[in-house]
Amino acid sequence: MDYCGCRKFNECQNHDIGLGCLYIGDDTLQMKITENRGHFATKEEALERVRLAIDDGLIPLLGRAMGEATGYGVENKGYFLSCCFCCADCCINGKIMTHGPNANMTMFSRIELIILVALRS
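Using this note's numbering, the letters of the sequence shown correspond one by one to residues 2 to 122.
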């Protein structure tokens, strides 16, 4: 998406609203993309968006948000990942991670076979 729905809805004043989620995996080829809902990005564009989001102080969150997949008309075949860039002020995941009790962290778990690599040292 070419904007963050959470930050747009909350009229965020602290972070770039234009840094919306990335959707990754073979199942994204099924997505119904319209002009106002984003575009298919190159690897270089996706990496640049991640860099910009981190530089803006956003929290990258990689996961299987199947509600989002359904919203884009994607059938769950197990190859859909979402990468949201959350802020503590507007996004529910950011609020949980920064302000919620540690018990809330049980709703997040590691996805097997996913390895994250730092973009910078």
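Keep in mind that the hints are not guaranteed to be accurate.
Unchecked claim - The calculated DSS-like cross-link candidates involving lysine-lysine, where the alpha carbons are at most 25 Å apart (straight line), are:
#, residue 1, residue 2
1, K96, K78
2, K44, K78
3, K78, K9
What the hints assert, rightly or not - Taking CB as the label site, the calculated pair distances span:
#, residue 1, residue 2, range
4, R52, D90, 35 to 45 Å
5, Q14, K78, 19 to 29 Å
6, K78, E12, 32 to 42 Å
7, D27, H100, 33 to 43 Å
8, Y80, E12, 16 to 26 Å
9, F41, H100, 15 to 25 Å
10, Y4, L63, 18 to 28 Å
11, Y80, Q14, 33 to 43 Å
12, I116, I60, 28 to 38 Å
Everything labelled a hint here was simulated from the structure, so no lab data went into it.
Where is the CB? At the ideal position from N, CA and C, for every residue including glycine.
The hints, checked one at a time:
{"no.": "1", "hint": "K96 with K78", "in the structure": "violated, 30 Å"}
{"no.": "2", "hint": "K44 with K78", "in the structure": "holds, 22 Å"}
{"no.": "3", "hint": "K78 with K9", "in the structure": "violated, 30 Å"}
{"no.": "4", "hint": "R52 with D90: 35 to 45 Å", "in the structure": "violated, 21 Å"}
{"no.": "5", "hint": "Q14 with K78: 19 to 29 Å", "in the structure": "violated, 39 Å"}
{"no.": "6", "hint": "K78 with E12: 32 to 42 Å", "in the structure": "holds, 36 Å"}
{"no.": "7", "hint": "D27 with H100: 33 to 43 Å", "in the structure": "holds, 35 Å"}
{"no.": "8", "hint": "Y80 with E12: 16 to 26 Å", "in the structure": "violated, 34 Å"}
{"no.": "9", "hint": "F41 with H100: 15 to 25 Å", "in the structure": "violated, 35 Å"}
{"no.": "10", "hint": "Y4 with L63: 18 to 28 Å", "in the structure": "holds, 19 Å"}
{"no.": "11", "hint": "Y80 with Q14: 33 to 43 Å", "in the structure": "holds, 36 Å"}
{"no.": "12", "hint": "I116 with I60: 28 to 38 Å", "in the structure": "violated, 19 Å"}
When held up to the earlier numbered hints, the structure conflicts with 1, 3, 4, 5, 8, 9 and 12 and fits the remainder.
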